[in-house]
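Undergrad: Taken in order, these protein sequences are the chains called P and D. full-length UniProt numbering puts the first residue of the first sequence at 1, with every later residue one more than the last. full-length UniProt numbering puts the first residue of the second sequence at 1, with every later residue one more than the last.
In short, the hints are calculated from the structure, not lab data. Keep in mind that this is a model prediction, so the values were computed, not measured. Check each hint, because a few of them may be wrong.
As the list claims (entries may be wrong) - Straight-line Cα separation of at most 27 angstroms, DSS-like style, residue types lysine-lysine; simulated pairs: (1) P/Lys177 x P/Lys405; (2) D/Lys271 x P/Lys227; (3) P/Lys113 x D/Lys271; (4) D/Lys254 x P/Lys227; (5) P/Lys245 x P/Lys257; (6) P/Lys227 x D/Lys252; (7) P/Lys411 x P/Lys257; (8) P/Lys269 x P/Lys398; (9) D/Lys252 x D/Lys219; (10) D/Lys79 x D/Lys254; (11) D/Lys218 x P/Lys227; (12) D/Lys219 x P/Lys227.
Listed below are the residues making up each chain.
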Amino acid sequence: MSEQGGTQDPSDQLRKDENTRQSGGMWRKAITRRDVLKLAGIGGAGLLLGSLGTGGILQAGSAPVKREAQDLAGSGVVDFYGAHQAGIATPPQDFVCFAAFDLTVDAVAQVRKLFQQWTEAAAVMTSGGMIGSSNDNPNLPPSDTGEAAELVPSGLTITFGVGPSLFDARYGLSAKKPDTFADLPAFSGDELRPEWTGGDIGIQVCANDLQVAFHAIRNLARIARGKAVLRWTQEGFQRSSHSDKAGATPRNLMGFKDGTVNPNVHDPKTMDEVVWAQADDGVPWMAGGSYMVVRRVRIRVEVWDRSTLQDQEATFGRHRRSGAPLGSRDEFDQVDLNAKDENGNPLIPMNAHVRLARGDNSVHLLRRSYSYSSGLDRTTGQLDAGLLFISYQRDIAKQFIPVQKRLASDKLNEYIVHNGSAVFACFPGVREGGYIGDTLL
Amino acid sequence: MKVWNTGAVLFVAASIALAGCGNKENNQAESAEAGTTAANTANTTTESADAPVDLTDAMTGYKTYGIEQCDQFIIETEKFVTAVKNGDLETAKALYAPTRMYYERIEPIAESLGDFDPNIDARENDVPDADWRGFHKIEQSLWVNNTTDGMAEVADRLFSDVQALRALMETVEVDSTMLVTGAVELLNEVSSSKVTGEEERYSHTDLYDFVANVEGAKKIYELLQPALQAKDAELEAQIGENFTAMETLLAKYKSGDGYVSYTDLTEADTKALSQALDALAEPLSQMGTILEA
Ligand code: HEM
Numbered sequence: 001m002s003e004q005g006g007t008q009d010p011s012d013q014l015r016k017d018e019n020t021r022q023s024g025g026m027w028r029k030a031i032t033r034r035d036v037l038k039l040a041g042i043g044g045a046g047l048l049l050g051s052l053g054t055g056g057i058l059q060a061g062s063a064p065v066k067r068e069a070q071d072l073a074g075s076g077v078v079d080f081y082g083a084h085q086a087g088i089a090t091p092p093q094d095f096v097c098f099a100a101f102d103l104t105v106d107a108v109a110q111v112r113k114l115f116q117q118w119t120e121a122a123a124v125m126t127s128g129g130m131i132g133s134s135n136d137n138p139n140l141p142p143s144d145t146g147e148a149a150e151l152v153p154s155g156l157t158i159t160f161g162v163g164p165s166l167f168d169a170r171y172g173l174s175a176k177k178p179d180t181f182a183d184l185p186a187f188s189g190d191e192l193r194p195e196w197t198g199g200d201i202g203i204q205v206c207a208n209d210l211q212v213a214f215h216a217i218r219n220l221a222r223i224a225r226g227k228a229v230l231r232w233t234q235e236g237f238q239r240s241s242h243s244d245k246a247g248a249t250p251r252n253l254m255g256f257k258d259g260t261v262n263p264n265v266h267d268p269k270t271m272d273e274v275v276w277a278q279a280d281d282g283v284p285w286m287a288g289g290s291y292m293v294v295r296r297v298r299i300r301v302e303v304w305d306r307s308t309l310q311d312q313e314a315t316f317g318r319h320r321r322s323g324a325p326l327g328s329r330d331e332f333d334q335v336d337l338n339a340k341d342e343n344g345n346p347l348i349p350m351n352a353h354v355r356l357a358r359g360d361n362s363v364h365l366l367r368r369s370y371s372y373s374s375g376l377d378r379t380t381g382q383l384d385a386g387l388l389f390i391s392y393q394r395d396i397a398k399q400f401i402p403v404q405k406r407l408a409s410d411k412l413n414e415y416i417v418h419n420g421s422a423v424f425a426c427f428p429g430v431r432e433g434g435y436i437g438d439t440l441l
Numbered sequence: 001m002k003v004w005n006t007g008a009v010l011f012v013a014a015s016i017a018l019a020g021c022g023n024k025e026n027n028q029a030e031s032a033e034a035g036t037t038a039a040n041t042a043n044t045t046t047e048s049a050d051a052p053v054d055l056t057d058a059m060t061g062y063k064t065y066g067i068e069q070c071d072q073f074i075i076e077t078e079k080f081v082t083a084v085k086n087g088d089l090e091t092a093k094a095l096y097a098p099t100r101m102y103y104e105r106i107e108p109i110a111e112s113l114g115d116f117d118p119n120i121d122a123r124e125n126d127v128p129d130a131d132w133r134g135f136h137k138i139e140q141s142l143w144v145n146n147t148t149d150g151m152a153e154v155a156d157r158l159f160s161d162v163q164a165l166r167a168l169m170e171t172v173e174v175d176s177t178m179l180v181t182g183a184v185e186l187l188n189e190v191s192s193s194k195v196t197g198e199e200e201r202y203s204h205t206d207l208y209d210f211v212a213n214v215e216g217a218k219k220i221y222e223l224l225q226p227a228l229q230a231k232d233a234e235l236e237a238q239i240g241e242n243f244t245a246m247e248t249l250l251a252k253y254k255s256g257d258g259y260v261s262y263t264d265l266t267e268a269d270t271k272a273l274s275q276a277l278d279a280l281a282e283p284l285s286q287m288g289t290i291l292e293a
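Hey, can you work out the whole structure from these sequences and the hints?
TA: Spelled out as structure tokens, the structure:
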């Protein structure tokens with residue numbers, strides 16, 4: 001954890017502890033994969049990884065960031081406790097299981113109890129343990145469902161957030177609702193379906209093993225029975241770390257490298273600017289937390305597959321094979337929106353996705369998306385596949401919304417449709433003995 | 001119709017119980033000895049998690065309940081089959097679902113007594129066509145063919161199956177372990193077929209079965225309540241609350257003396273019912289804690 005990041009409460013002491021622990025671990029012995037992973041999990045490994053040559057340029061804002069080799073996240077433990085929740089600055093694992101819940105209880109004390117139980121279970125699961133004490137009693141259903149027994153923790157992270165609906169009349173929390181935190185406005189082209197929209201609580205579970213991730217969601221849902229019900233879920237994947245040892249930028253289902261330009265998660269200053277809500281942002285309970293946007297974006301793969309390579313590249317403004325901006329050679333070359341061809345036409349078309357998404361490059365967000373495939377659309381017989389777009393930002397109204405508004409004229413819209421949407425205020429991290437959400441509940 | 005699972009019976013015929021199950025007898029003996037202790041513990045509010053609890057009353061209480069339900073089941077089945085044989089279509093339709101409720105409350109008993117469940121409660125395709133008889137065969141005739149014609153023999157057979165069930169009821173011995181799991185099994189019945197509308201595929205009277213299964217589970221809970229109270233008061237209270245929530249939700253679907261048709265439920269309704277059921281079944285599945293020494 002860097003000193004720059006150490007100014008905000010409530011995590012000062014925690015950060016100090018981490019410093020001690022980290023430097024102990026770092027200098028006493030050669031660093032192991034697991035150590036690196038632990039550091040990365042609490043967002044504290046920026047300088048370290050930078051100096052190992054795996055990080056990118058330490059500059060504020062979005063920059064091309066080479067991804068650290070994926071096997072860093074391989075099989076180890078990502079610390080559950082820390083100043084920030086794991087699963088945000090954590091380099092994306094191979095799989096996601098996302099779940100939105102609706103609360104069914106009527107008192108805030110019961111909500112608190114649920115988060116306490118969830119915290120306990122999450123701490124155990126992320127360290128690879130079994131939930132509960134009754135796993136060998138023949139008279140009772142085992143307290144852990146068991147399918148992750150003996151499996152390595154697989155970089156499991158569990159990230160909790162609450163939706164705007166939590167702040168309605170039910171729990172007396174309306175005065176605590178962040179001013180600009182609300183369901184997203186309708187964007188042009190939206191075809192949102194209720195079955196993939198909203199939720200009082202959102203949980204992003206990521207791991208390098210889908211069974212480990214599913215086990216976590218399943219057990220959290222089980223613990224919630226009688227207190228909260230599942231509202232919607234979506235699983236997602238990237239290419240796995242086994243298939244890409246080099247840890248290159250993963251490709252989405254349109255065949256393009258996705259995630260090239262993203263804030264440097266290892267630079268605390270950037271993260272404080274772009275991702276972590278700050279103590280003076282007006283919402284004390286969110287200091288050190290982050291706002292999550294989830295969009296279930298269906299890709300019309302059949303249509304995309306019949307479009308020419310030239311059209312495909314013009315859609316994004318990047319080359320498919322290299323990932324380089326059109327007219328450039330390397331994936332990480334700077335995007336020059338002013339570059340023209342010999343006829344004076346922009347190399348990156350005016351309606352290209354990267355041009356519109358970038359805008360004047362003053363606004364950034366941390367994208368942490370996964371591909372999804374959910375079988376067939378039974379009415380059309382086509383694949384229901386696409387992108388589970390997930391982004392983290394300090395303020396949705398200032399970051400995601402203006403970007404998504406600009407995307408109204410995106411050429412990409414010919415090939416995609418947004419059919420699910422939710423936003424969650426993800427709490428700051430928790431220290432041992434505390435519980436997720438203890439700053440609010 | 002029960003999804004047959006020979007490993008999970010609530011009752012075993014007395015003869016079998018006496019013949020084979022030394023373990024169980026020991027348990028019961030221990031329970032009996034500790035009986036007074038448990039009762040005292042329940043009265044004073046001190047929770048003694050260590051005292052083995054006495055389930056003798058619960059077990060005899062449940063046997064009595066089973067017999068009462070079965071007696072009533074015979075009376076109502078007789079009215080139903082009479083209507084079928086008299087060609088009184090409307091009366092037969094009206095009696096069909098309420099009659100079945102007596103059976104649904106105690107369904108695990110029939111399962112433990114051999115072929116009764118397939119004979120009384122099989123759905124089409126659960127058994128070979130030639131063997132298909134019982135309530136659902138008549139249901140198909142009443143609602144799909146809209147007639148009682150050709151059902152007289154099936155009706156007679158149903159009545160004699162129900163009478164035979166009643167006769168065997170005398171011999172069952174309630175087993176404490178199985179009593180504990182039986183409540184959850186009744187709810188599992190609901191989530192596997194009633195909540196999906198698959199049980200009553202012609203009459204769409206699934207909610208009657210739903211309610212009856214929940215009532216049957218609640219009876220077991222009530223019988224175990226003192227033991228549960230002594231062992232884990234928080235769990236006992238939680239189950240009680242969740243039963244109330246389930247009953248409140250089901251009450252929304254009352255219509256006259258009965259319940260609305262499954263086809264009147266929206267997707268949101270069935271989802272809410274199913275999730276309330278899961279919410280109830282989860283703590284209910286922890287009742288086995290009373291069997292720990
Ligand atoms: C199916 C939907 C989408 C697909 C397939 C997609 C794909 C891509 C690709 C291939 C790139 C270029 C490589 C990179 O820099 O990562 C990119 C860049 C980007 N996308 Fe998307 N995207 C989608 C939706 C969105 C949405 C909904 C947003 C936010 C509202 C968004 C924001 C961005 C941003 C900020 C960049 C970086 C632009 C820059 O160079 O500064 N994308 N996207």
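Undergrad: Take the hints in turn and mark each one as holding or not.
TA: Checked hints:
1. P/Lys177 x P/Lys405: holds (24 angstroms)
2. D/Lys271 x P/Lys227: Holds, because 15 angstroms separates the two Cα atoms, which is no more than 27 angstroms.
3. P/Lys113 x D/Lys271: Within the cut-off at roughly 24 angstroms; holds.
4. D/Lys254 x P/Lys227: Roughly 25 angstroms between the alpha carbons, so the hint for D/Lys254 and P/Lys227 holds.
5. P/Lys245 x P/Lys257: holds (16 angstroms)
6. P/Lys227 x D/Lys252: holds (20 angstroms)
7. P/Lys411 x P/Lys257: With a Cα-Cα distance of about 17 angstroms, the restraint between P/Lys411 and P/Lys257 holds, given a limit of 27 angstroms.
8. P/Lys269 x P/Lys398: holds (18 angstroms)
9. D/Lys252 x D/Lys219: holds (21 angstroms)
10. D/Lys79 x D/Lys254: Holds. D/Lys79 to D/Lys254 sits at ~23 angstroms (cutoff 27 angstroms).
11. D/Lys218 x P/Lys227: holds (20 angstroms)
12. D/Lys219 x P/Lys227: Given that 27 angstroms is the threshold and the Cα spacing comes to 24 angstroms, the pair holds.
Violated hints are absent here; each numbered hint is respected by the structure.
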